[in-house]
Amino acid sequence: MGASSLPDKLDKLYDDLSGLLPNKQDKDLLKTLLSALREGDKDSVVEKMDEIIEDLVEEDQ
Amino acid sequence: MIVWVSKVRIKGIRGFNDETSLELGPTLNLLVGKNGAGKTSFLQAIEWCLTGKMKYMEGDEFSREDAIVNLFNPAGTGRVTLTLQTPKGELEVSRTRKRGKSTTRGSSPLLLKAGSKVLEDEEAEAQLEKTLGLPIDEISNSIYLHQAALRAILSDDPKERSRSIDKMLGMEEIRSLAEALSTKRNITKATKDLQARIETLKRDKVQFAIMTKENVERARKALITKGYSEDDLDLVRQVSLASTIVERSESLKRKFGFTGTIPEPPRADVVSVSRFVEDMDETLGSIDRRRTDSLQSIYKSKVKFEGLRDRLNQDSEEVRKLSESSATNIEMAEKLTAEERSLGDSVAEKTRVVSELNSAVSALIRAQDRVASIRSSESKLEASISRIEQAVGTEEAHDQMIAKQKEDLASLEGKLESLGSLEKLLDSAIDYLVESRVTKCPVCEQIISSDTVVGRIRSNMSTHLRGEIESLKNNKKAALSQIHTLETSLKELKGLHGQLQEEKSRETQALGNAEKEIGIKLEKDLDLLVQSKKEVLQSVEHEADQIREKLNQTSSQLRELRSELDRFSGAKNRLQATVTMAQKELESKSDEKMLLDELKEKTAETEQRENELEETTELDTLKGNLDNLGELNQFSKSEVELDRLEKEVPNATVLIDNLETRLTSLKDFEASLASIKEVLGDYEHKRASGVVESLESSFNQYFKSLDPHEHFKRVQVEVEESQPPLYSIRAIGKEQSTYITTRFSSAQMNAAALALFLAKNEKVAGEASTILLDDPTQSMDEAHKTAVCKSVTGLLKERQVILATQDEDVKRLTQDAPKGARIYEFSDWTVKGPTIS
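Going down the list, the protein sequences come from chains B and A.
Residue numbers for the first sequence, in my numbering: 58 to 118.
Residue numbers for the second sequence, in my numbering: 9 to 845.
Here chain A stands alone, though its shape is the one from the complex (with noise of 0.2 Å):
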């Protein structure tokens, strides 16, 4: 026992909030509790301590958060104190750590004390390396199987498990060189790239300045054959020729009126003619322009003189002729306006008479359709009495009628009384004869049968008397009926010359009611009346038309006097306007004649000043001479450009050496790469070799001591050549082999995982007797747990063992640990941390 942990404090680490402080003992120190209690974050904790780091901690995730300090700590401070043992007496060694705000990474200073000695980082972790006999970078692999290892030497992936037995056996930084020399590199690309530029260089500058040459001599060619002279083609003469174009502008500024500034002469160098050239462009175009604003003003002013001149005219034309006629107008006017007064008036007269007379018509017209619907009713109704009359008679016939049918009526009923009383009399001597039955007549005295003579009486009587009696009544019956007849007749009759009487007062009535209308006597025939009306309306509206007529013929006229008059005052007050108009633009007093004469002479100035705007030879000839300018100064830049191409060449020239040498360099770096990659390849795997075959007596020892398999006794790592390498764990039994991903369980595999760490730890711990184990029994059965927990009895002579678990039969099994073996629960874990017993 060289170096061990007597004492951990953490506060603020991991699953730690609040200070907890752990006395270990030097052989055995359990932690048993559930997951998530802490007991992996203790682990974690004495790790950060020695090393500064989490060794599995890494991946993105952590790089964006502190993983580290406590996530409830309030003052977001984390620090871990360890006690250690050592040969020359008690050491501590505390962390310390502010939480990042955005990472896992970074360092946290180290505190070493050792009695009155204190020493702080670089130094501390010195001390710390030679005191453990292990370089801080070291201490997670040797003394730490962390579950996160296990699993990943347990993984299905080789690049997996080999890149974690790499980190187990020492070699991670050969893998990760290798890992980064086989990432990608688009070196092809950038080798394109700089050749496209070499060749663009090549075409862009070299070839472009021989085409430039050749296009200046071009255009000093053509210049020459269009007229110019060498000497033209020289500056000097350019500024020359530029100061006369500004001279000759300067005589175009006053007369065109422009108020700008003219450029001033160029100096002597290309840009600054090519700069003279476009303002004097731009010069003479806002010149020009002034010149056609003010020839268009004067146009406008010499338009509007001889309009007014022109209207002028025209209106005192006017008015003298519609002056000469007025006179005789206005008196003819007078008099049409009177007749058309009295004309006026008898058409309202005649009007008025119209008006009455279609009154009378309308109501005669009316009376006569009143008197005819009366007559009709009148006619139907004497056609009815005269039907009834010539039928049956008049009212008298009637009554006479009736008379006589009354008395033959009295005369039937005295027969028919006769009758009745025969009859009775009949019918007394039967009921006698039947009564006194009589066997002899008292006549004849004939013996005679009474039944026979009573039957003979009855057929007698039913014959004749009966028979008369019947006849009788139909007689009463028909007169009766004839009598009713009669009535009937007589009360229609009656009736319908009672209508006729009122049909009469009807017309009677209607008549005098036309004439209360009309106001005169109807004694005349209606119709004749209402013809004559009609007549005496036709020659009256005839008259009324006439003057009508007259009327309209007399308005005409009046209207075209008065419209002639109005012609002639519009024709006087458009001459006023005129005047006034002309007055306002001539600022004259002047009548219209004066007018007249001053227009005519503001005509002849508008006109001449328009011939001097419209004369542009000067402007077009100094435009020529800009045009030359400019057509030289763009020799003259050609010239200038292909001089600075030429100075250029030679640069052109060392870049693209500059370039071909790093394309050189591109493609050394990417052969040197490839070098490097082949040796590295090699000696990776020569290296690993080596390794694994140091550790192989020692694996298999620890191995036999676990005892996973019943068969497979050996185990062996392979070293496949691939770059980097793949590690593949290989079983070996008596005659077969196998992978041990292929045919293991989870718990023979944890148990090969686990002899290789121990194998390990045994070859490279140093002085540091610490191990940790992080649940190393996971998903083992109960032999397999015997088996871990015999050997890690047997490892307590010389090592400090710390060993998590949730394994409650891990207790059971360590029972037989050397004295001085400690078991902590880690229970209830809240954010102050976990309760630990």
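Chain B extracted, bound-state conformation (with noise of 0.2 Å):
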């Protein structure tokens, strides 16, 4: 076991988790998520998903 950087942890933890996932609908979510992830925190990736809600429920689309 040796240490990773940031980027390469989340490079990692994509590779592995998307194997597991059934679509590419999930995987693209997955990638979003944790591109949010990589720019901040936690909340960051809480953020990103409201603004997903937000943009499907918004009323001027």
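If you're looking for bench data, these hints aren't it; they were derived computationally from the structure.
Hints are not guaranteed to be accurate.
[Claimed, not checked] BS3-like cross-link-like pairs, simulated, lysine-lysine; straight-line CA separation at most 27 Å:
1. A:K197 to B:K105
2. B:K105 to B:K81
3. A:K42 to A:K96
4. B:K84 to A:K192
5. A:K694 to B:K88
6. B:K105 to A:K192
Note that the structure is a prediction, hence the values are computed from the model and not measured.
Put the two chains together into one complex; each comes in its own frame, and the hints tell you how they fit.
Encoded structure:
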């Protein structure tokens, strides 16, 4: 076991999890969430999810 | 020993304000000092220089102010420079930070110097990572055992403990993702919102269009039934109707004197016609208001002219009537005025006489009262005198009786004197007899006893002589009393006579005063005189009353005459005022007769204008036409609305499809989140178990060297299946096992946490041989401290240890450290920073 940088760890996490996810849509969402985590922290992921929900229900679309 | 820190320079970071430079040794570097002396700041400065972060400075307050740069630094700038010893030579890294306005976050540039080579930022960080064999963001977890990390590992809260262990094991990104996915999102509400909007669109747009179409058809039939033709529903016909309304309105404008503007005919579109209907409706309203205002004004003029005419007639008639009797009235008034004056004089004279008589009668009555009062006193005095004279007698009789009494008194005194002499004589005889002691009577010569004789004389004297004397004395006393009584009575009688005389004098004086006051000689009886005067007074008063009555009648007649004359004068004034008013109103200088004709003419003119203004048939017809146009326009509007809705229906359908797509996406999103969460749960558990397993041997080696417990000699990290997973550390004895949090002391748990950190460090430290330990012996007794220090000393063969402690024992217990160990005393922290020796 050697220490890895955060980007490396997130890449590995994506690789490991995407192999377990059944469809592309899930993989895409995982990529989006991990990107948010890469840029910030847990709260960034939460904000991203809220943003996705908000985009889907936004009135003026 | 691969890479270690040989020198630290700090300025303006955490507790260090002034620049501080410290040379470090390759083995043990002990930082000793009390709490708050700056030891942790020193370790944090090294951490920050290497990583750009202070790992355990997180939370709300740290995002509100910059906690890295020293608070007292005047320039607001901090810098840390580390000199690293590497197999390839010396390396210098430094990081600088300008104080952020409101946060501890944010990056600070790194500078790396290797000989003449200088690298900055990303290049510098890449070179540092390469040198240490560690990613920048893993340095803290790998080499620095922070107090906060120790506290979190020992926490009773399994979530906090697990989060900290994950951090230590380098798995925090997985936990962060798991925690974010576990944060509840309100997808249900969002789904309901979308579904509601789809339903609303379906109902409002599509169904409304159908309903509007039905309504338009109903409205068309209703208009046809009302008598409109299909052509009337056409916009061109509506514009034509509007033009007719405009032409007729111009005519009405002139007729009613309206000064506003008539709207232009509309264009052949619904909005223009609608606006025209609104504007024209307002204009017709204004024309009608103008008409009613004019009508009101005309009516007022008519009333005014009629009123003036009536008043002129009335005033002329009144003046004419009053002028006939005015000459006679003036003559009569002059006569009556003279008579009134004469009667007034008589009344004044009579009033004066009555006043004088009243005064005389009053004076007489007052005199009469005074005399009556005096005479009453006189009567009382005369009655007293009469009573005394009847009882005793007159003053002369009193004098005679007093003289008689005084004679009797003189006689009694004579007798008393004789008897007194006799008594003395007898007393002398007795004294002689007693002294001489006679035994024989000198007269009869009988033998006698002197005592017997004396006794007899004394007995006779006592019986007769002294009785007589007492009787005379009583008589004298009675006579004296009688004289006194008579003298008193006489005195009283004389006094009464005197008073009576005084009253007579007062009576005379009172009468004299009355005579003076009234001015007549009061020879007659006073009562008769009063009676006589009263009768005269009554007679004069009666005469005065008669004159007054006459005067009143005259005055009354005079007032009537004057009133009549005033009426005449008033009527003339009113007539003149009315004439002036009429002249002003008609702007004429004619006399009253001419004015009457002119007023009649004016009244006729206003009546004619009034009739014109009251005629509203044309206006009503125009309003009716406008209402019809409005009705037709309303129908056209509904047709346009229907057209718009029919065009919108396909748009609404697209919108509904879009919303349904979004609803599907939302559900897919929810499903994807659930899938990710599910696979992450398994993955995380497996990863955590793998990491823990890989550390188990090393963890137990360090735990054994620290030997914190008598019975439990092994430890094991367990990973519970939850999302995110929870870690617990179990201690295992020969037969029993237990969670360390339930049975270990703080010191024992501290030792377990230190063992776990050292195991992790051993695995991942890469080329970095430096370990930063912040107060690892807290809460430990002598035995545990000894064990920790022994373990640390054991590490020094391969590691540089920078150990901060407030415990002086640690200094003693590490004296076996290899040569080159250094001890720095931190003391007396001030705003400039700590004093280090």
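Here's how the hints hold up against the structure:
no., hint, verdict
1, A:K197 to B:K105, "holds (18 Å)"
2, B:K105 to B:K81, "holds (19 Å)"
3, A:K42 to A:K96, "violated (38 Å)"
4, B:K84 to A:K192, "holds (21 Å)"
5, A:K694 to B:K88, "holds (21 Å)"
6, B:K105 to A:K192, "holds (13 Å)"
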